[in-house]
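Novice: Full structure from sequences and hints, please.
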Amino acid sequence: MGDINLRASDPLNYQLPGSLSLMWLPKNEIDEEKWEDFGNIVSSSLAPNMKMLEHFSIRRGTRAKDRVIIAERNAMLNFVIDEINQHNLQKAFSALTDDIVDDEVEHHDDKIKLNPGGNGEINLKRTDITDGTLIVRNPELSEDQTPYVEGTDYTFDSPSGIVTILDTGALNDNSEEGGVPKLHFQWSENFASKSFQIFSGTEVEGKAKFQVMTPGGIKYIAIFNNCVIRNNGDINFGDGSTWHEIALQLDILVDEDGVLGTMHIIEEE
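Quick note, my numbering runs 1166 ahead of the 1-based positions in the sequence shown.
Read the hints as simulated data drawn from the structure, not as lab findings. On a predicted model such as this, the values are computed, not experimentally measured, just so you know. Fair warning: there could be bad hints in the mix.
Said to hold, decoys possible - Pair ranges (Cβ atoms, derived):
#1 R1229 - N1251: 53 to 63 angstroms
#2 H1221 - M1242: 23 to 33 angstroms
#3 Q1363 - I1301: 29 to 39 angstroms
Claimed, not checked - Under the rule of at most 30 angstroms between Cα atoms (straight-line distance), these lysine-lysine pairs were calculated in the DSSO-like manner:
#4 K1231 - K1193
#5 K1217 - K1373
#6 K1291 - K1277
#7 K1200 - K1348
#8 K1375 - K1385
#9 K1200 - K1385
#10 K1193 - K1360
#11 K1193 - K1375
#12 K1291 - K1348
#13 K1193 - K1373
#14 K1279 - K1291
#15 K1373 - K1385
#16 K1193 - K1277
#17 K1360 - K1375
#18 K1277 - K1360
#19 K1193 - K1348
#20 K1385 - K1193
#21 K1200 - K1217
#22 K1360 - K1200
#23 K1360 - K1291
#24 K1279 - K1348
#25 K1360 - K1373
#26 K1348 - K1217
Each residue gets a CB set at the ideal place from its N, CA and C atoms; glycine is no exception.
Specialist: In C-alpha coordinates:
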(Lines of atoms letter the chains of each structure in order from A and count residues from 1; the text may use other names and numbers.)
(Lines give C-alpha, C1' and ligand atoms only; values in the text may rest on other atoms or scores of the structure.)
Protein backbone atom coordinates (compact mmCIF):
# COMPACT_ATOMS: atom_id res chain seq x y z
CA MET A 1 0.00 0.00 0.00
CA GLY A 2 2.88 2.39 0.59
CA ASP A 3 2.51 5.41 2.84
CA ILE A 4 -0.74 6.03 4.67
CA ASN A 5 -3.04 8.21 2.56
CA LEU A 6 -3.90 11.21 4.71
CA ARG A 7 -6.24 13.01 2.31
CA ALA A 8 -9.50 12.53 0.46
CA SER A 9 -10.24 12.73 -3.29
CA ASP A 10 -8.36 9.50 -3.96
CA PRO A 11 -10.28 6.53 -5.44
CA LEU A 12 -7.98 4.19 -3.52
CA ASN A 13 -9.77 5.30 -0.36
CA TYR A 14 -12.91 3.41 -1.45
CA GLN A 15 -12.70 -0.02 0.14
CA LEU A 16 -14.73 -3.10 0.72
CA PRO A 17 -14.32 -4.57 4.20
CA GLY A 18 -12.19 -7.65 4.44
CA SER A 19 -10.09 -9.65 6.87
CA LEU A 20 -12.06 -8.49 9.91
CA SER A 21 -11.28 -10.18 13.19
CA LEU A 22 -12.03 -9.60 16.84
CA MET A 23 -9.73 -10.96 19.52
CA TRP A 24 -10.53 -11.25 23.22
CA LEU A 25 -8.28 -11.58 26.27
CA PRO A 26 -10.05 -12.34 29.59
CA LYS A 27 -9.40 -9.94 32.44
CA ASN A 28 -6.16 -10.45 34.40
CA GLU A 29 -4.73 -12.74 31.70
CA ILE A 30 -1.36 -11.78 30.20
CA ASP A 31 -0.29 -14.91 28.31
CA GLU A 32 -0.46 -14.69 24.51
CA GLU A 33 -1.98 -18.16 24.38
CA LYS A 34 -5.06 -16.89 26.25
CA TRP A 35 -6.21 -14.69 23.35
CA GLU A 36 -9.50 -15.95 21.87
CA ASP A 37 -10.70 -15.42 18.30
CA PHE A 38 -14.45 -14.87 17.81
CA GLY A 39 -14.14 -16.29 14.31
CA ASN A 40 -16.15 -15.13 11.32
CA ILE A 41 -17.86 -11.77 11.84
CA VAL A 42 -21.14 -11.59 9.90
CA SER A 43 -21.65 -7.89 10.62
CA SER A 44 -20.16 -5.26 12.89
CA SER A 45 -20.54 -1.60 13.81
CA LEU A 46 -18.66 0.68 16.17
CA ALA A 47 -20.97 3.16 17.90
CA PRO A 48 -19.16 6.01 19.66
CA ASN A 49 -21.32 8.34 21.73
CA MET A 50 -20.38 11.80 22.94
CA LYS A 51 -22.99 13.50 25.11
CA MET A 52 -22.53 17.24 25.02
CA LEU A 53 -23.35 19.68 27.80
CA GLU A 54 -24.51 22.97 26.30
CA HIS A 55 -24.43 26.38 27.95
CA PHE A 56 -26.65 29.28 26.94
CA SER A 57 -26.22 32.93 27.87
CA ILE A 58 -28.84 35.68 27.92
CA ARG A 59 -26.39 38.42 28.82
CA ARG A 60 -26.62 40.00 25.36
CA GLY A 61 -30.40 39.65 25.13
CA THR A 62 -31.43 36.67 23.03
CA ARG A 63 -30.65 33.34 24.65
CA ALA A 64 -27.67 32.00 22.70
CA LYS A 65 -25.41 29.02 22.96
CA ASP A 66 -21.94 30.13 23.94
CA ARG A 67 -20.19 26.95 25.05
CA VAL A 68 -20.27 23.20 24.53
CA ILE A 69 -18.27 20.64 26.45
CA ILE A 70 -18.15 16.85 26.42
CA ALA A 71 -20.08 15.66 29.47
CA GLU A 72 -20.16 11.92 28.76
CA ARG A 73 -18.29 9.61 26.42
CA ASN A 74 -18.72 5.95 25.71
CA ALA A 75 -18.59 3.51 22.85
CA MET A 76 -19.99 0.13 21.89
CA LEU A 77 -18.95 -2.43 19.34
CA ASN A 78 -21.93 -4.43 18.11
CA PHE A 79 -21.22 -7.56 16.10
CA VAL A 80 -22.75 -10.82 14.94
CA ILE A 81 -20.82 -14.09 14.71
CA ASP A 82 -21.74 -17.46 13.26
CA GLU A 83 -19.03 -19.75 14.63
CA ILE A 84 -20.58 -21.69 17.50
CA ASN A 85 -17.92 -23.01 19.86
CA GLN A 86 -17.37 -23.24 23.62
CA HIS A 87 -15.87 -19.76 24.04
CA ASN A 88 -18.52 -18.03 21.94
CA LEU A 89 -21.36 -19.83 23.72
CA GLN A 90 -19.91 -18.73 27.05
CA LYS A 91 -19.97 -15.09 25.86
CA ALA A 92 -23.53 -15.46 24.57
CA PHE A 93 -24.72 -16.81 27.92
CA SER A 94 -22.65 -14.39 30.05
CA ALA A 95 -20.30 -16.98 31.50
CA LEU A 96 -16.65 -16.51 32.41
CA THR A 97 -14.09 -18.49 30.40
CA ASP A 98 -12.76 -20.35 33.44
CA ASP A 99 -16.19 -21.10 34.95
CA ILE A 100 -16.46 -24.50 33.30
CA VAL A 101 -16.30 -27.99 34.81
CA ASP A 102 -16.20 -31.56 33.56
CA ASP A 103 -19.69 -33.01 33.80
CA GLU A 104 -22.17 -35.35 32.16
CA VAL A 105 -25.62 -34.78 30.71
CA GLU A 106 -28.60 -36.97 29.86
CA HIS A 107 -30.02 -36.64 26.34
CA HIS A 108 -33.58 -37.80 25.66
CA ASP A 109 -34.85 -38.92 22.27
CA ASP A 110 -37.68 -40.89 20.70
CA LYS A 111 -39.02 -42.21 17.40
CA ILE A 112 -41.95 -44.14 15.95
CA LYS A 113 -41.24 -47.29 13.92
CA LEU A 114 -43.38 -49.90 12.17
CA ASN A 115 -43.82 -53.11 14.17
CA PRO A 116 -42.35 -56.00 12.12
CA GLY A 117 -44.26 -58.57 14.23
CA GLY A 118 -43.00 -61.68 16.00
CA ASN A 119 -39.26 -62.44 15.51
CA GLY A 120 -38.82 -59.25 13.49
CA GLU A 121 -36.07 -56.75 14.28
CA ILE A 122 -36.02 -52.95 14.58
CA ASN A 123 -32.71 -51.13 14.38
CA LEU A 124 -32.92 -47.90 16.40
CA LYS A 125 -29.48 -46.91 15.05
CA ARG A 126 -28.38 -45.88 18.52
CA THR A 127 -25.49 -47.56 20.31
CA ASP A 128 -25.33 -45.35 23.40
CA ILE A 129 -28.78 -45.94 24.90
CA THR A 130 -28.46 -46.15 28.66
CA ASP A 131 -29.44 -49.56 30.06
CA GLY A 132 -32.92 -49.58 31.56
CA THR A 133 -34.12 -46.36 29.90
CA LEU A 134 -35.78 -47.79 26.77
CA ILE A 135 -39.58 -47.48 26.93
CA VAL A 136 -41.82 -49.04 24.28
CA ARG A 137 -45.47 -47.99 23.86
CA ASN A 138 -48.31 -48.06 21.37
CA PRO A 139 -48.38 -44.54 19.85
CA GLU A 140 -52.10 -44.80 19.25
CA LEU A 141 -52.93 -45.19 22.94
CA SER A 142 -52.89 -42.64 25.76
CA GLU A 143 -49.68 -41.54 27.47
CA ASP A 144 -50.66 -43.26 30.73
CA GLN A 145 -50.67 -46.74 29.16
CA THR A 146 -48.50 -49.46 30.65
CA PRO A 147 -45.29 -49.81 28.58
CA TYR A 148 -44.49 -53.13 26.95
CA VAL A 149 -42.14 -55.34 28.94
CA GLU A 150 -38.57 -56.18 27.96
CA GLY A 151 -38.01 -59.93 28.06
CA THR A 152 -41.75 -60.60 27.64
CA ASP A 153 -42.74 -58.57 24.58
CA TYR A 154 -39.34 -57.74 23.11
CA THR A 155 -35.60 -57.96 23.74
CA PHE A 156 -33.11 -55.15 23.37
CA ASP A 157 -29.42 -55.44 22.55
CA SER A 158 -27.89 -52.17 23.77
CA PRO A 159 -24.50 -52.40 21.98
CA SER A 160 -26.17 -52.76 18.57
CA GLY A 161 -29.36 -50.78 19.21
CA ILE A 162 -31.50 -53.65 17.87
CA VAL A 163 -34.95 -54.48 19.27
CA THR A 164 -36.29 -57.99 18.58
CA ILE A 165 -40.05 -58.57 18.80
CA LEU A 166 -40.93 -61.81 20.60
CA ASP A 167 -43.56 -64.06 19.02
CA THR A 168 -44.90 -64.96 22.46
CA GLY A 169 -45.74 -61.43 23.64
CA ALA A 170 -48.26 -58.68 23.05
CA LEU A 171 -46.40 -57.33 20.01
CA ASN A 172 -46.49 -60.53 17.97
CA ASP A 173 -49.52 -59.33 15.98
CA ASN A 174 -48.73 -56.24 13.91
CA SER A 175 -51.97 -56.14 11.94
CA GLU A 176 -54.09 -52.99 11.61
CA GLU A 177 -57.09 -54.90 12.91
CA GLY A 178 -56.56 -55.92 16.53
CA GLY A 179 -52.77 -55.82 16.44
CA VAL A 180 -50.08 -53.21 17.15
CA PRO A 181 -48.91 -51.86 13.77
CA LYS A 182 -46.63 -49.12 15.13
CA LEU A 183 -44.37 -48.69 18.14
CA HIS A 184 -43.17 -45.60 19.96
CA PHE A 185 -39.64 -45.85 21.39
CA GLN A 186 -38.29 -43.45 24.00
CA TRP A 187 -34.85 -43.57 25.60
CA SER A 188 -32.01 -41.55 27.09
CA GLU A 189 -28.26 -41.42 26.53
CA ASN A 190 -25.55 -40.14 28.86
CA PHE A 191 -22.75 -38.02 27.42
CA ALA A 192 -19.61 -36.57 28.91
CA SER A 193 -19.86 -32.77 28.87
CA LYS A 194 -18.40 -29.50 30.04
CA SER A 195 -20.90 -27.31 31.86
CA PHE A 196 -21.16 -23.71 33.02
CA GLN A 197 -23.84 -21.58 34.64
CA ILE A 198 -25.68 -19.24 32.31
CA PHE A 199 -26.68 -15.64 33.02
CA SER A 200 -24.99 -15.86 36.41
CA GLY A 201 -24.93 -12.08 36.89
CA THR A 202 -21.14 -11.81 36.66
CA GLU A 203 -19.69 -9.30 34.19
CA VAL A 204 -17.50 -10.84 31.50
CA GLU A 205 -14.56 -8.44 31.43
CA GLY A 206 -11.43 -8.30 29.35
CA LYS A 207 -9.39 -6.65 26.60
CA ALA A 208 -10.30 -6.61 22.91
CA LYS A 209 -8.62 -5.96 19.57
CA PHE A 210 -10.75 -5.13 16.52
CA GLN A 211 -8.54 -5.79 13.50
CA VAL A 212 -9.22 -4.62 9.95
CA MET A 213 -6.57 -5.99 7.59
CA THR A 214 -8.22 -5.36 4.22
CA PRO A 215 -5.99 -6.61 1.38
CA GLY A 216 -4.94 -3.68 -0.79
CA GLY A 217 -6.49 -1.14 1.56
CA ILE A 218 -5.78 0.73 4.74
CA LYS A 219 -5.15 -1.55 7.69
CA TYR A 220 -5.86 -0.64 11.27
CA ILE A 221 -6.26 -2.18 14.70
CA ALA A 222 -8.38 -0.67 17.48
CA ILE A 223 -7.35 -1.75 20.98
CA PHE A 224 -9.77 -1.53 23.90
CA ASN A 225 -8.07 -2.30 27.22
CA ASN A 226 -11.21 -2.39 29.37
CA CYS A 227 -14.39 -4.00 28.05
CA VAL A 228 -17.48 -5.87 29.16
CA ILE A 229 -19.03 -8.26 26.68
CA ARG A 230 -22.67 -9.31 26.72
CA ASN A 231 -25.48 -10.71 24.64
CA ASN A 232 -27.08 -8.20 22.30
CA GLY A 233 -30.28 -9.86 21.16
CA ASP A 234 -31.65 -13.24 20.28
CA ILE A 235 -29.43 -16.27 19.87
CA ASN A 236 -30.61 -17.49 16.48
CA PHE A 237 -30.47 -21.28 16.26
CA GLY A 238 -31.60 -21.29 12.64
CA ASP A 239 -34.33 -23.24 10.87
CA GLY A 240 -32.23 -25.43 8.62
CA SER A 241 -31.96 -22.77 5.93
CA THR A 242 -29.92 -20.24 7.92
CA TRP A 243 -26.74 -20.45 9.97
CA HIS A 244 -26.67 -20.24 13.74
CA GLU A 245 -25.87 -16.67 14.74
CA ILE A 246 -25.01 -14.90 17.99
CA ALA A 247 -25.33 -11.14 18.43
CA LEU A 248 -22.91 -9.67 20.98
CA GLN A 249 -22.08 -6.23 22.30
CA LEU A 250 -18.76 -4.96 23.53
CA ASP A 251 -19.22 -2.16 26.06
CA ILE A 252 -16.01 -0.15 25.86
CA LEU A 253 -14.95 1.36 29.20
CA VAL A 254 -12.12 3.70 30.11
CA ASP A 255 -8.94 2.05 31.29
CA GLU A 256 -6.84 3.04 34.31
CA ASP A 257 -5.49 6.02 32.32
CA GLY A 258 -8.96 7.27 31.40
CA VAL A 259 -8.60 6.11 27.77
CA LEU A 260 -11.44 4.37 25.93
CA GLY A 261 -9.24 2.91 23.23
CA THR A 262 -6.34 3.38 20.85
CA MET A 263 -6.43 3.27 17.05
CA HIS A 264 -3.32 2.02 15.22
CA ILE A 265 -3.04 2.64 11.47
CA ILE A 266 -0.51 0.24 10.02
CA GLU A 267 2.32 1.56 7.86
CA GLU A 268 3.44 -0.90 5.23
CA GLU A 269 6.61 -0.91 3.17
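Novice: All the hints need checking, so say for each whether the structure fits it.
Specialist: Cross-check of the supplied hints:
| no. | hint | in the structure |
| --- | --- | --- |
| 1 | R1229 - N1251: 53 to 63 angstroms | holds, 57 angstroms |
| 2 | H1221 - M1242: 23 to 33 angstroms | holds, 28 angstroms |
| 3 | Q1363 - I1301: 29 to 39 angstroms | holds, 31 angstroms |
| 4 | K1231 - K1193 | violated, 43 angstroms |
| 5 | K1217 - K1373 | holds, 24 angstroms |
| 6 | K1291 - K1277 | holds, 11 angstroms |
| 7 | K1200 - K1348 | violated, 54 angstroms |
| 8 | K1375 - K1385 | holds, 13 angstroms |
| 9 | K1200 - K1385 | holds, 24 angstroms |
| 10 | K1193 - K1360 | holds, 22 angstroms |
| 11 | K1193 - K1375 | holds, 13 angstroms |
| 12 | K1291 - K1348 | holds, 17 angstroms |
| 13 | K1193 - K1373 | holds, 7 angstroms |
| 14 | K1279 - K1291 | holds, 12 angstroms |
| 15 | K1373 - K1385 | holds, 20 angstroms |
| 16 | K1193 - K1277 | violated, 46 angstroms |
| 17 | K1360 - K1375 | holds, 28 angstroms |
| 18 | K1277 - K1360 | holds, 27 angstroms |
| 19 | K1193 - K1348 | violated, 57 angstroms |
| 20 | K1385 - K1193 | holds, 26 angstroms |
| 21 | K1200 - K1217 | violated, 35 angstroms |
| 22 | K1360 - K1200 | holds, 19 angstroms |
| 23 | K1360 - K1291 | holds, 26 angstroms |
| 24 | K1279 - K1348 | holds, 6 angstroms |
| 25 | K1360 - K1373 | holds, 25 angstroms |
| 26 | K1348 - K1217 | violated, 68 angstroms |
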